[in-house]
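If you're matching them up, the sequences are chains A and B in order.
With my numbering as the guide, the letters of the first sequence map in order to residues 621 to 975.
With my numbering as the guide, the letters of the second sequence map in order to residues 37 to 131.
None of these hints come from the bench; they were simulated from the model.
Among the hints, a few may not be true.
[As the list claims (entries may be wrong)] Sample of chain B residues at the chain A side, in silico, Cβ under 8 Å:
hint, residue
1, D60
2, L86
3, L88
4, F95
[What the hints assert, rightly or not] Listed next, the in silico DSBU-like pairs over lysine-lysine satisfying Cα-Cα at most 30 Å (straight line):
hint, chain 1, residue 1, chain 2, residue 2
5, B, K93, A, K897
6, A, K859, B, K90
7, A, K684, A, K843
Note that beta-carbon positions come from the ideal geometry of N, C-alpha and C, so glycine has one too.
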Amino acid sequence: MRTSGTYLAGIGAFRPKMESVGAAVRQGLVPKDAADASGITSVTVAGDVSPAEIALIAAQQALKSSGLSADDIGLLLYTGVWHQGPDGWGPQYYLQRHLLGDDLLAVELRHGCNGTFSALELAVPYLRCAPHVGGALITAGDNFGTPLIDRWNPGEGLAYLGDGAGAVVLSTSSGFAELLSLCTTTFSGMEEVHRAGEPLFPPGATTGTFLDYGARAARFQQKATEDGSWVQCLLGHQKHNVECVGQALDEAGVDARDIKTVVIHSMPRQAAASYLKILGFSLERSTWEFSRTTGHLGAGDHLAALDHLVSTGKVGPGDNLLLCGSSPGVTYKAAVIRILDTAAFRNQEARPDGL
Amino acid sequence: MVIGRTEFEHVLARLETLLNEVWDQRPAGAAMSATAPLVSLGVDSLTLALLLEKVGKEFEIDWTTDTSPGEVISLRSLADLVVRRNVGGAADAEA
């Protein structure tokens, strides 16, 4: 999707206190060799604060930095990957009540770790079809400090899980960056990889079943090896990644050589290096150094990293950034943005000092 | 007396070189068993995909048609596949 004329007007992030991986090793939560191999140095831990509360903090920051008012926001898309609060309740309404008010469309969007991309993808045409709307607010927030998931055992290829929130305001008038393109592909042939060995019904969350992506992936791999489809899965995964990123670059009219930084999900070092190498980039050109300090923030990785880049002056006017990732589906996302002006964001970086 | 390496040994050595090229974070001093499943050595799926791509290009393997169940597990099984294809290709050429 060609999206020029759409702008990132404001951005915010909430990063709670960091907990070192070394401490987790000393507590026996993580084997030392696995921790060393991962390269992840810390994760952010929110304690007992709910995702909606930290999403609100990030949203307040994003709205303030956008220069828009709550009344200007006509669309709220609230994303997250883990449970957000009481079942039957919508966390987006918490943000409406405490920040935006009632006169807008507010929807919770569940699209795994790529939820932020999907929210952007839906917000762009919404804004174009509703010219009276000044902006759309997108949030991503999670707290993995709950039963039924282990932040220190997320599964192969995944970084330890960190808590946090990010928010961005999208506008068609102006902003600190222009969204040039946003693309999606899906490889549904690997749909089973994130559920292998578990019944479709009743849902595991209703039966108190632990979420173990590693075990599911191992079962899928075993089955795919036995039926001879494993190689096709691996190469299909790679092909979809490459095609999605290639399309986003093409539609943005930006050459890969002109990408200053690749903004990625937090991943273990080898997985990140391979992921980037497949796409033609090095680890050094990515936000891995930042994301190794946060852990995997669910759908919030890219917003947290982008907030870090703009608020610390690591990117400036004219820089092109590629944002990309994959999530269950398997879905692949890629977006290209061009930084226009970050002066207003200097020194606003989320401080990892907790609430 | 010098005993030349067999084709299989050449292929196996080349595959290990290719693996080292894609496996940036291979643990220092890690022993490389040719028969061990690559995933058991710590090779993640993305790195394995990179290796397969390189092997496919170098040995002209079309992975959509040239694989059979369970073949891409270890360096040895990969080498077996390459050598078997070469033998098959030579036989086809002679026929």
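Each hint tested on the structure:
no.	hint	result
1	D60	5 Å, holds
2	L86	5 Å, holds
3	L88	6 Å, holds
4	F95	14 Å, violated
5	K93/B <-> K897/A	16 Å, holds
6	K859/A <-> K90/B	14 Å, holds
7	K684/A <-> K843/A	50 Å, violated
Of the numbered hints given earlier, the model fails hints 4, 7; all others are met.
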